[in-house]
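Colleague: Put the two chains together into one complex, using the hints given.
Just so you know, the sequences run in chain order A and B.
Each residue of the first sequence is one higher than the last, beginning at 1 in this note's numbering.
Each residue of the second sequence is one higher than the last, beginning at 1 in this note's numbering.
Calculated directly from the structure, the hints in this document are not laboratory data.
Taking beta-carbon pairs under 8 Å as the criterion, some of the chain A residues facing chain B (in silico):
1. Glu52
2. Ala55
3. Leu56
4. Cys59
5. Ile69
6. Arg71
7. Gly73
8. Thr74
9. Met77
With beta-carbon atoms standing in for the labels, derived distance ranges:
10. B:Arg226 <-> A:Val44: 41 to 51 Å
11. B:Val233 <-> A:Asp63: 54 to 64 Å
12. B:Gly144 <-> A:Val43: 47 to 57 Å
Glycine is no exception: its CB is placed at the ideal position from the N, C-alpha and C atoms.
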Amino acid sequence: MTTSDPRDPPGAVHRPASEGRTGRLELDPDRVGRDLVCLVLTVVELLRQLMERQALHRCDLGDVSDDQIERIGTTLMLLDERMDELCVQHGLTRDDLNLDLGPLGTLLER
Amino acid sequence: MTQTVRGTGPGPETSPAAASSPAALSATYVYAVCRGCDPEVFAGLPGQAPGAPVRLLRFGALEAVVQDVPAASFGEEALRERLGDRAELERCARAHHAVIAAAAATAATLPLPLATLYLGDGRARAALSADASRFLDALRRIAGRVEWGVKVYAGREVRRGPGTERRNAGTGTPGRVAAPDGPDDKAARGTAARPGHAYLERLRGVRQEREQRQEAGLGAAEAVDRALGGLAVASRRLRSHDTAVTGGRGAQLLNAAYLVAEGRRDEVAEAVGAVRERPECRGVEVELTGPWVPYSFVDGGERDARG
Numbered sequence: 001m002t003t004s005d006p007r008d009p010p011g012a013v014h015r016p017a018s019e020g021r022t023g024r025l026e027l028d029p030d031r032v033g034r035d036l037v038c039l040v041l042t043v044v045e046l047l048r049q050l051m052e053r054q055a056l057h058r059c060d061l062g063d064v065s066d067d068q069i070e071r072i073g074t075t076l077m078l079l080d081e082r083m084d085e086l087c088v089q090h091g092l093t094r095d096d097l098n099l100d101l102g103p104l105g106t107l108l109e110r
Numbered sequence: 001m002t003q004t005v006r007g008t009g010p011g012p013e014t015s016p017a018a019a020s021s022p023a024a025l026s027a028t029y030v031y032a033v034c035r036g037c038d039p040e041v042f043a044g045l046p047g048q049a050p051g052a053p054v055r056l057l058r059f060g061a062l063e064a065v066v067q068d069v070p071a072a073s074f075g076e077e078a079l080r081e082r083l084g085d086r087a088e089l090e091r092c093a094r095a096h097h098a099v100i101a102a103a104a105a106t107a108a109t110l111p112l113p114l115a116t117l118y119l120g121d122g123r124a125r126a127a128l129s130a131d132a133s134r135f136l137d138a139l140r141r142i143a144g145r146v147e148w149g150v151k152v153y154a155g156r157e158v159r160r161g162p163g164t165e166r167r168n169a170g171t172g173t174p175g176r177v178a179a180p181d182g183p184d185d186k187a188a189r190g191t192a193a194r195p196g197h198a199y200l201e202r203l204r205g206v207r208q209e210r211e212q213r214q215e216a217g218l219g220a221a222e223a224v225d226r227a228l229g230g231l232a233v234a235s236r237r238l239r240s241h242d243t244a245v246t247g248g249r250g251a252q253l254l255n256a257a258y259l260v261a262e263g264r265r266d267e268v269a270e271a272v273g274a275v276r277e278r279p280e281c282r283g284v285e286v287e288l289t290g291p292w293v294p295y296s297f298v299d300g301g302e303r304d305a306r307g
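Here chain B stands alone, though its shape is the one from the complex (with noise of 0.2 Å):
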């Protein structure tokens, strides 16, 4: 669940209390790069560990924004064990994006992975340095732009089965004719004394509409990437949730941000809107979310997050 710091100087330590000598009682967390940031903003925020303040440290031309943490619950038995948990993990995420949040309303801001660490300020500001100018470029490409992510899944199964109907079918009871009793029957009729042949016949009904479905699905996502990419600047590709994740929807078929310039929410969500509304979409859930500050595209956005 950690992530380094990508570049030529010395890297992060995500497991400050394993490297470190026992007088490193705390570690330096590292939500964000920004310039031109007001400290005061984040007055009152609990970060990632209440009791400390959020604080910027500069280096260079840019600050970084940051704040002590015990490198005992930071170290990386101790995150892994943590941010396992997807309860804890959930609390980690939203008080890291409501720092950033707090720091992209007043200055260009560049957010950190989740879990980006170091030992001390000396260290932390050593490794940003050596990055500066890339957060430079990152800060370039981003400014007066956010980030908008669409999602796309499935429609969910109807009917579960081939074997939902078969009750009706009434071939549960052998050697008896089933009283056809629904409204899909008249084929049912025509098989009752069949069962084999009705069987496979639903089984071919459920295979074709699990067909469409997919179908329609993608070609959702295709459409809407299509038209969303028109507006963005940059997109980016992300990794799709597992369904356990995603609960109750069918499969998520896009997972996709787009960096576009700001002040043009209308366009957005009118090109969503429109991918919604086409006819061969019904059953197809687009979900669009932002603006975000633009956290997938901190390092290019050409790249694919599968890669």
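One chain only, chain A, in its complex shape (with noise of 0.2 Å):
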């Protein structure tokens, strides 16, 4: 239960997690398509950033080699690009791939 606080400026208002960015569901057939790209995307762009989380700490860590660092960070950087490449032909934006878990924040970070 939330309550609306009329202190709020213009347009902020608390929302209950549920609701979507538009509070209901779209049934338009190319705007379920885009949105189920973008899901997907997210859900991708979330195991790429954790990968990159996990190579910097292995990196630290410092168990691997000169080589094997250079192997890592270009294969991240072409996945990033890869990522960069299929927001475009989607025609989304990184900001776009993220998912608002209300009072938790966002999936990824910002």
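Modeller: Here you go:
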């Protein structure tokens, strides 16, 4: 149960986390397709960021050789580029790849 | 979006249309409970239903600020539909606030949540009377006090992701060493031949910067909470707004309300100003709003909104 607080500036409202961006499901076929792509890419982006984090961690531990670091870094960089390309292909931006978890914040760090 | 009035008495019906007989075409919308309010102050205020006057409904020593609203547009379904629409919600919230602010200007006023509805005056009076002692307690608590709101936002990322500078480093053209062209390209010069290393370094930089921003924001939130907590008689952490609503700003790290005695405006502003001035709080946004009718302190104030 949420309270709408009239003290808030225009548009700033408390909303239950279960509500989507507009509060209702769009059943337009084009939109559903685009939203699905967005969701899939968001999950891929989450995994990509986790890999990056893990890679930095491993490099910090110092148990990977210089060559391995170079390979890991290059792979991650190419993945990052590939994400940009996929976003352009589907008319999305990197900022679209996120999920709002309400009071928990966003799935991916901003 | 509806909230019930807590208490032992009969609760408010938030779905008058659904629960009522067809004869009940209007519902009683309750804005606030006050003591010694002058009904003249509501003249000309449209409230939630233009056409019907905003009036006072006496119960015991107190009075409720009420208005007759069409039951059809305040039924559960209709309300959910309307309050789900951001523009309509804003209109309702502003109308609600306008009535409460008018009442608060002349009398001790206890604001009730948006869309507190009863099936007619009789039901409203019965339910409110049952809660009279709680209302009296709350009125005593907020008498001579106002609410200040503080929101703290983390600074925004200056550069986006490690990939942003990738093109500068020239790694997009394999086999060629890029010509350094930026101020911080000393590092790039050393690593341009090793794009993998350079990418990881940038990644590390971005992560560190983000952590620093987060830490600075949390530090500011803590500092402002400590400073205002000292001035306030009660404080309350409210639910953070999600980023879709806060728009272009960073994550909201603090959304708190403080119940402060009237006339301490300068001290409040000074406390917030002092936090803003801190060197480590550069980039962190501290927003102060108020003074408000103490919306957040109607039910106590020690409870946390998350609870």
